[in-house]
Each structure stands twice: as C-alpha cells, then as structure tokens.
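There are 2 protein chains.
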Amino acid sequence: MKRVMLTVAYDGTNYCGWQVQPNGITVQQILNEALSELTGEEIYTIGASRTDAGVHARGNVAVFDTSVRMPGDKYSYALNTRLPEDIKIQGSREVSPEFHPRFTDTVKTYEYKILNRRFPDPTRRSDTCFLYGPMDAERMNEAVLCLIGEHDFRSFRASGETNPDRSTVRTIYSAKVVREDDLIRFRICGNGFLYNMVRILAGTLVEIGRGKIDPGEMTQILERRDRSAAGPTAPAHGLTLLEIRYPEWEPDFFIRKQEQMSW
Amino acid sequence: MKRVMLTVAYDGTNYCGWQVQPNGITVQQILNEALSELTGEEIYTIGASRTDAGVHARGNVAVFDTSVRMPGDKYSYALNTRLPEDIKIQGSREVSPEFHPRFTDTVKTYEYKILNRRFPDPTRRSDTCFLYGPMDAERMNEAVLCLIGEHDFRSFRASGETNPDRSTVRTIYSAKVVREDDLIRFRICGNGFLYNMVRILAGTLVEIGRGKIDPGEMTQILERRDRSAAGPTAPAHGLTLLEIRYPEWEPDFFIRKQEQMSW
Chain U
2 MKRVMLTVAY DGTNYCGWQV QPNGITVQQI LNEALSELTG EEIYTIGASR
52 TDAGVHARGN VAVFDTSVRM PGDKYSYALN TRLPEDIKIQ GSREVSPEFH
102 PRFTDTVKTY EYKILNRRFP DPTRRSDTCF LYGPMDAERM NEAVLCLIGE
152 HDFRSFRASG ETNPDRSTVR TIYSAKVVRE DDLIRFRICG NGFLYNMVRI
202 LAGTLVEIGR GKIDPGEMTQ ILERRDRSAA GPTAPAHGLT LLEIRYPEWE
252 PDFFIRKQEQ MSW
Chain W
2 MKRVMLTVAY DGTNYCGWQV QPNGITVQQI LNEALSELTG EEIYTIGASR
52 TDAGVHARGN VAVFDTSVRM PGDKYSYALN TRLPEDIKIQ GSREVSPEFH
102 PRFTDTVKTY EYKILNRRFP DPTRRSDTCF LYGPMDAERM NEAVLCLIGE
152 HDFRSFRASG ETNPDRSTVR TIYSAKVVRE DDLIRFRICG NGFLYNMVRI
202 LAGTLVEIGR GKIDPGEMTQ ILERRDRSAA GPTAPAHGLT LLEIRYPEWE
252 PDFFIRKQEQ MSW
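Note that the protein sequences, when read in sequence, are chains U and W.
When we follow the numbering used here, the leftmost residue of the first sequence carries the number 2, and every step to the right adds one.
When we follow the numbering used here, the leftmost residue of the second sequence carries the number 2, and every step to the right adds one.
Calculated from the structure, these hints are not laboratory results.
Incorrect hints may appear among the rest.
Treat identical chains as interchangeable: a pair holds within one or across any two.
Here are the simulated lysine to aspartate or glutamate pairs, DMTMM-like style, with alpha carbons at most 25 Å apart [claimed, not checked]: (1) Lys75 <-> Asp122; (2) Lys75 <-> Glu143; (3) Lys177 <-> Asp227; (4) Lys177 <-> Glu86; (5) Lys75 <-> Asp183.
The model shown is predicted, which means the values in this text are computed figures rather than measured ones.
With the rest of the complex left out, here is chain U:
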C-alpha cells in the first residue's frame, strides 16, 4: 500500500461542496469515483479542507491509499482525462503512509474576490461576488492589519458551529486587500480557519469598504468574541482556496510566514 497526495483545483459552482453527502454531488465523490475507476479498487479520499457548496479551489489537498503500482506522480495525468472540466488535478506524488492532510500543521491561503463596478460582468460571475456602489479598498486593507498574529477568532465563526471544545484561536500570517481596477482581492494566509471565517471576514470588510463600519472597529469586533459583532457572511462563490502548504516539508517557508507577522 502506498499513500498518494493530490493537489485538486475545482470550480465549485456545480457542487454541494467538497465532502461526500447523501443529497447532492460533491467534489470528493467525483474524485473517489474517478480514482476507483482508474485503480479498480474502492478508493476513498481524505481531504485537507472541506470547502462549502459554491467555494472554489486552486489547491485543495487530498490523499488516498492504493496497492496499485503506478508511480504517485502519474496520477495527475491519468485522473485529468477522467475528470470533468470543473475538477482538475494540479499535481500528485507519493507521501508517507502516516501523512494526514488535516491533522498535520498547515499554512492555508484563501482569496475572496469582490467585483466592484456598475454592472455585473457575465464572464466573471462564477468566482467573484458582484457589488456595485463605492467601496474603498484602502479602508479595507487598513482593517485587516489587526487580524495578523494569534487571536481568538470566535466573532468570525458561523453560529451553526457549536462544539464548545474546539479552540477558536488561529494564527494569521498575512492579510491584505488590494484593488486592481474593478476587482478587490482580499487574501489571507494562516494556520487554519474557523467555519465560514473568511466569508464572515469578507462580509465585515464590505461594510468597512462602504463606510458603514470604521476600519479601527475591526479590533473591537475581534475582541468581542461574539458572532453578532461581525458583519454578514459573504456569498460562497467569491471564495477560492488558493493553496495549502505543509511546514514540515518546507520549514523555510513556514519561518518566512512567521516573520511576515512582525512586518
């Protein structure tokens, strides 16, 4: 048996999220089916990030075990010919049988994209959230500075998540909001994110960008540790999981990320 790791990109528009579930087609299900067909074994993948319905990924990570002798790096090509256009493998390789994509320290990067213009753009509708009216990206960027570092992000956790044992403390290595013409990008990188955390942050930033909340209030929202202090949850389709990296494989990358915090 060997364990193979896949880097998976998908357009989440037509899926009920990552995780296999009884009522709807998911990315994981399509991947399990393609792998089972390819290997002739019953394959069940373990994903690093169980993205919600409508959320996209450029680099989610999944592993599976197989006794097939094909080299780990050949899976990307072999799978892509069997996968639909909206799910494509970006790389594959053999990893240690002990490697678990969720119970290993990670550095994850998410991006939330806001299309801020007068009218919707049909060619960019699936991976941006369209919002008209003035929006000040510099105010938004000012507000994210206080997120960097280790904090209790309870204010930015979906109220549906009720497990009281779970820690709500996470470390953010970098956070930035930049405008490129009519596109506002909010990019955030950290060691983990609570349920809906990036979307609640994005929803709060929209209120800040529109002048309804002062950028300086972000610190107080964070300190309140109460979901009702933050803004609304921004729609899923503006969110993309850009990258997941594992510090144990790249200690230098992890040190650089930690250094960013002190900038």
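Use these hints to put chain W onto chain U, whose structure you have.
Relative to the frame of chain U, chain W by itself:
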C-alpha cells in the same frame, strides 16, 4: 420612435453565438425576448458584431427602436433584472435614428486568452484556451508587429466565407501579445475583422509561440493572401470582444488609434 443603443456583455459558453438562428438559443434572441417583454412591443435588435458560438463579449453593441417613453439610459437596469446571469447590459443610451451599429465606422478590440500551464485550471476554463508546453510570448509579440496598418488579411479569413465582392482589406491600429504568469493575452484593435480572423491569427501565433513557425514568417503568411498559409483556427472560447467604439462620436480617440500605427 426612438433608437436606443445597448452595450452588451455575455459569457458565450451556453449560446449558439449572437445572431438569431433556427437551431439553438442565441444571445440576440434572449435580448429580443427580454426587450419585448419589457416594452410590450415586438423588439428586434441589430447587433454590431455577430460573434460565433462560444465567443464572449464585454462590449458588443446593439440598437433597437421603440415608442416606449422610458429614457434611453434606464434600459440597462430594467433589462438586467430580466436577463440571465450570462448576459448583462453594461450601459444604454438614446442615439440618432440614423445610427446603424454595423454600417458606421468602428474601432473594435478583441482579446484572445491562452492559459499556458501544466494542468487545466477549472475556474478559468470558460474564457481561456488551455495549452500546455513551452510557449514564448515574446516571439508571438514580435510576430504581430507586421499586422499593424492597412493590409489585405485574406490569409486569415475562414475558407467558408466565399463572397468575392467583399473587401478583405482591414486596418489594424494596435496588436500586442503579453504574458502575465500563466496567461498569454493577444489583444488586437482595428477597423474591422474578417470572419474568424482573430481566431486564425491566434492559431498562427500559437505555432509561432511553440517555435514551429518563425516570427518573421508572419509577413509572408500575410502576403500570400491564402488561408492555407496561416495556422489553424483557435477555439472560440478563448476569444472575447472587448470593445466597440464609434469614431464619429469620439474623433480624438480615432486619431489616437491612427497615431498608434506609426509607433
């Protein structure tokens, strides 16, 4: 009666092109239906550019006549609530009843996007043409220089177009190929384009980028005035009609475009 001009953006993926036709849903048909419903009159639009199946637009132009008294600039909002997500009006205004979007001098800009990376990207699959393997955008940019100016572009006209009376001479004001990471953009601006011209140019540029044709050969291909001299027709979904402008309304813009030719 008044004539209203619309700037129309669409994702061409799910349409059989612009022009109304018996076997398939087109952008123009959806637009005619939405306008007829809105005005209570039977509206038939006239489009500036009859884009092919799968081709996208950020700024195609259409006009229609109506006796409804709503101001011309209100149509964009009124229509967008009735249009599907993949067709959205970007602006509307009243124009002279004599204005015809196709029989008026125009400056059109098209963009062909090539996604040049190892694996396909699901979130960018609908408006880029994915091609792996090394591709040299600088060679491609060198090759487009000879297109600028007035030339007979017969070599870049689909062989299906056989009307011998139609001139195949067009003026290109600017043409450029740039790489931004894994994306190669070929942008071309001129007073008109022959049937499939931008896609045949893109297909020829791909061969140049891959080293199969020398950049200097573009001049000879142009001079041959023979479709078989050029490369293949690149797929429709990589092409976007960015903009159509009318020099009679903006003489300065037109003069600037002509000046670009001498750069």
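Hints, one by one, checked against the model:
1. Lys75 <-> Asp122: between (38 Å within a copy, 18 Å between copies)
2. Lys75 <-> Glu143: neither (45 Å within a copy, 37 Å between copies)
3. Lys177 <-> Asp227: The answer is within: 23 Å in one copy meets 25 Å, while 52 Å across copies does not.
4. Lys177 <-> Glu86: For Lys177 and Glu86, the Cα distance exceeds 25 Å both inside one copy (31 Å) and across copies (29 Å).
5. Lys75 <-> Asp183: between (40 Å within a copy, 22 Å between copies)
Hint check: violations occur at hints 2, 4; the rest are consistent with the structure.
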